[in-house]
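Use the sequences and the hints to build the structure in full.
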Amino acid sequence: MLGLHPTRSARGIALGAIALLAALACGNGATGTSAQEAPSAQQILRVNDSTEPNSYDPGQQTYTYEAAVGRTVFEPLLKPKADLSDVEGATAKSYDVSSDGLTYTFHLRDNAKWSDGKPVTAKDFVYGWKRLLNPALAAGYVDPFFDNTVAGGAKYSDVNAKDPAAIQSFLDGLGLSAPDSHTFVVKLAAKAAFFKWVATLWVGAPIRQDVVEQAAGGPVPVTDTTKAEAWANNAATIIGNGSFKISEIVSKDHVTEVPNPNYWGGAAKIQQLIYYFIPDQNTALAKYRTGELDIDNVQATNVPVVRNDPKLSKQAHLLPELTTFWMTFNSKETPLDNPKVRLALAQSIDRDKLTNDVLQGTDKAFQTFIPKGMTGYDPSLGASQKFDPAAAKADLQAAGVTAAQLSKFKLLTRNTTTSKTVNEFISQQWQDNLGASIQLEVIDSKTVTSRIRKGNFDIYGPDGWGADYPDQQDWFDIFQTNACHSLNWGCVTLSGYDSLVQKADTSLNESDRNSAYTQAQKQLIDTGAVAFMYQQYEYDLVQPYVSGLTITPIDDEFIPGDNHYHDAFITKH
Amino acid sequence: MAVVATVDQAVDWESPEQIGLWSDVWRRFRRNRLAVAGAIVVAVLILDALLVPLLAGMGLVQDPIHQDVTHIFGGPSLHHPAGTDYLGRDTLARLMFGARISLSIGILVQGIILAIGGVIGLVSGYFGGRVDNLLMRFTDIWFAFPDLIFVLVLVSVFGPSILSIFVAIALTNWANLARLVRGQVLSIKEKEFIESARAVGSSGFKIMARHLIPNALGPVIVTLTFGIPQAIFLDAALSYLGVGIQPPTPDWGVMVQDGYQAMNASAGQVVFPAIAIAITMLSFTFIGDGLRDALDPRMRR
Amino acid sequence: MGDTAVGGRPARGALPPIRLRLPRSRGVALAIYVGRRVLWMFPVLFFVILITFVLMHLAPGSPWDRTGGRPLSAAVVANMNVKYGLDKPIWQQFLLYIWNALHFDFGLSYQYQGKTVSSLILGGWPYTFTIGLLAFCVIVPVGIGLGVAAALRQNTRADYSAMAFATFGAAVPNFVIGMLLIIVFGVTLYNVTGGNYSLPVSGFGVDDHLIMPVVTLATLPTAYIARLTRASTLDILRQDYVRTAWAKGLSERLVVLKHILKNSLIPVVTALGPTFAILITGSVIVESVFVIPGIGRSFVTAVFSRDYPMILGTTILFAVVIALANLVVDILYVFIDPRVRLS
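Chains as they are written, first to last, in numbering that gives the first Met the number 0: chain A, 0 to 572; chain B, 0 to 300; chain C, 0 to 342.
Accuracy of the hints is not assured; some may be wrong.
What the hints assert, rightly or not - When the alpha-carbon atoms are kept at most 25 angstroms apart in a straight line, the in silico DSS-like pairs for lysine-lysine are as follows:
hint	chain 1	residue 1	chain 2	residue 2
1	A	Lys129	A	Lys154
2	A	Lys371	A	Lys571
3	C	Lys257	B	Lys188
4	A	Lys122	A	Lys92
5	A	Lys409	A	Lys331
6	C	Lys261	B	Lys188
7	C	Lys87	A	Lys161
8	A	Lys112	A	Lys154
9	A	Lys268	A	Lys521
10	C	Lys87	A	Lys453
11	A	Lys122	A	Lys268
12	A	Lys154	A	Lys371
13	A	Lys226	C	Lys87
As the list claims (entries may be wrong) - Derived list of chain A stretches under chain B, where covered just means 3 residues or more per stretch with a C-beta under 8 angstroms from a C-beta of chain B:
hint	segment
14	280 to 289
15	414 to 424
16	430 to 443
Calculated directly from the structure, the hints in this document are not laboratory data.
All C-beta atoms in this analysis are idealised placements derived from N, C-alpha and C, irrespective of residue type, glycine included.
Okay, here's the thing in structure tokens:
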């Protein structure tokens, strides 16, 4: 039975502006009513992961398409509950927090085992986390989750990665310890109510020191960066503690996983989990239609095809993500430094047309920051950015700016189909509703990133964020003043915002935190820091014989239910 | 008439083919119906490219960038004879406006390629020896030239100017033509009539011009006509990288690319611009064939 | 056997041309020629590497700029630069690269952690090579055959259909052709046979997986080679002595056909050289649409991720292949038309 719980948190991965997903559809649970399992020869689940992971070492992974694979092969300490209201035990069966909130003690399960049968010990977690925090390995997901929370981690940016002694003393000074084989202790640098969510991140997986060293041909010096990764390049040496293990990697084609027979939760029912790397959406759709693919994500241009097909439309599901998108303005340029100008631009976008028509209903219009499904979602906060051409013109006039002044700006666009489509529409909206002729500048994605990092743009979008975990802390540091040039691309400065967010991050009182975050959110919206546009949903096709999927808004890479494939199975068909 | 033709042919028995008088060429071209048809079509396309903004101003052609998002992927209808695209814009209007960019790039780039590749091939083949070796090694380097990176650098330095497109496409595609021309020159160079012409005292380049062209023009024309759609698609790919036209300016190559994404939803979006490109290429093929036939005095008509 | 060479006046500044009158030394002369050309490949490669290196570093965007997902912190970026030697001055990096390349060490990929460029390229090349070679084996007979047939039947219906095919192959880009094939022989065939048979939509396999990618890859080059052959054959056919010989009847026709082919093949062979090189180093589009795990996408992916070592590796591969292909073409010239002299 498909359980759709689009209510809360999910982990998502931070998104810049990835190609958006497909359209709306209202999905109902589309599985067979009789949960009759197919014979084990047929228990094969084939999923499209669109892009091949750059690495199979969870510590080196950063993208959703990597997490999709990483999460099935490795398991961190905790995982989000299916309804995203809180965390629950994964490899750790429970945890305690000291009264001052600075020490977390994780109690590992006695029956947590690696795929080769050895037990998972706390030492494995210490090794894994220290590897993650080793500056020489330059893991992408360290900041800000681990270096800003773990005691001693703040020095991460200052360590000389070429100096083995400096690295060693940094690693030794981290607040990570294993007092006994099934107890993992983390000391924090400051109070962090959200740390339990950090422990659900898949990059915090345990790693086996002996596996790494055997593949490297001996102990690995802390400064070594190549031999340290040798184990992750071979299916046979990727030993993980997740519900599946990798049996075959065909680069650029697919990765095949089989159940981990030693998994503490029992072996998975799916006997073969195959992730294909199909970049072309038309090919993936054709593969689905010929029965060679079981789960596929449908992009906007193919949504009408699915909707109009009597068979396919019954297999389609519209699923929410904890991801929202907005347009970013460079506040260092006049007159974009004026909040009224930014609000005018935000108020002249007809979001309903954008999401229902242009995006074929695959996203839902909204004007706030925190998406629906997470604590902090409050549509009433979005009033000031609502679509209202008259108010937009009035705001522009009040700011003393003419449409002609805005027409000198360019809209920086990534060279993906969705970015182009959305921006063509928005540029036309600004023309129709404000009289501002803001032309597109479509450029290759890397160049765009390099330009926004330098602040070399006027307006950029669609920019967005996907939750790493369903806690508001993950969201608000985007717009902090010191995040200028690194997430706060527009370099917006809002008075009082930083201290508000700081207060919320370090408080241990839930209601204090929530009210502070809400205040900050209102500030973002009312000053038009960015023009919020829509929450991302995904439109997926799932073959009717796929059962047991638990879908949450934090599933990785538009693959519904991928956080819980352990429970999935194929019904007789 | 027949007698004269036979006598002409008899006289030409021993001597090599040469280009006749230009008026003869023109006459022979005119008699080739396909070639004339091709020329007419090209003329129509060029007229369309030049006049379509006027027509749009008069209301005869719809606005190519006017979006109507409630009618996305519409099929062909009275109001939209070629349907609508992913933002509800009229495809026919976009096709007619697209001719402006696609024709100019498709055709003009071939001129640049002919100039560069043709000269290098000619010089290399004619002079041979060290010159040939150096030029051909230079061409080898150019074959392996990383054009994609070059384009990125061009964009960052010059921005999206139309000139960059010409530079980008022409500069990276002349090598094939150079090799082809060189091959032709090499195969003709040693033919007896060249030697005899040289013996008579004709200058090298004049020989090349008068004998190479009718004898070796065929493959060159084919390469150039194939280069037209190639240039259009390359231009579309490049515009996706920031070189050249930006959306929402219509262009056939971009329309095919966008149409591909919508192939399942609305096949017309990819079919119609492909037809436009095909018609252009076909017309130039007929013109090219006709030209070559006309330049050959032996063609019996 | 070669016609008598006329007057052997060597081209300016060149070594004496290959004297084809003496068959015994022909092999030796050819070997010397090949040897010289191979030597010339080194400076060619050097310049290719130099140009690529410079352009790569000029291109905006660094390998560590994220195009999606959380941007890397400055500390991580600094450490990455150290890890891959990007903190050294550019000229030093270049010289180091040349030195390593001479030892066949092409570095580590930035994008695919811990994998060497050589292993990535060598691992993916067999797939690309197989498909490219098969496509070539289709292009040569079909293209040349169609072209000659069209030329011999100029301005008849056969000629026009060949021309229509050629136009279609050129005006419709290969991703559209590929997807058309998938829709017809994948989805539609599946529906029509009630799910019993269809061509596999994507992936590589030495079976019917090969059909659609090879056909897609071969379409445009076949069209081009066909038209090229036709044009070149027509040029020969126009010459009266050919026309008269043809008119003489079947016994003469075979001889004439051989003569036609010999003379008309020069431009065709010239075009086939780069075609072969491009086919066996892969098409990014065909490999994306049909998900072939080859190296066709490697260059483009590497450029878009600024994976410098991969960019260099794939460019070097292509440069070597094209130089070799052009060398083979030049040698073939001599065999096809013995009058052709190479320096």
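Here's how the hints hold up against the structure:
no. : hint                   : verdict
1   : Lys129(A) to Lys154(A) : holds, 14 angstroms
2   : Lys371(A) to Lys571(A) : violated, 36 angstroms
3   : Lys257(C) to Lys188(B) : holds, 21 angstroms
4   : Lys122(A) to Lys92(A)  : holds, 16 angstroms
5   : Lys409(A) to Lys331(A) : holds, 15 angstroms
6   : Lys261(C) to Lys188(B) : holds, 16 angstroms
7   : Lys87(C) to Lys161(A)  : holds, 13 angstroms
8   : Lys112(A) to Lys154(A) : violated, 33 angstroms
9   : Lys268(A) to Lys521(A) : violated, 46 angstroms
10  : Lys87(C) to Lys453(A)  : holds, 22 angstroms
11  : Lys122(A) to Lys268(A) : violated, 30 angstroms
12  : Lys154(A) to Lys371(A) : violated, 36 angstroms
13  : Lys226(A) to Lys87(C)  : holds, 22 angstroms
14  : 280 to 289             : holds (count 3)
15  : 414 to 424             : holds (count 7)
16  : 430 to 443             : holds (count 6)
Of the numbered hints given earlier, the model fails hints 2, 8, 9, 11, 12; all others are met.
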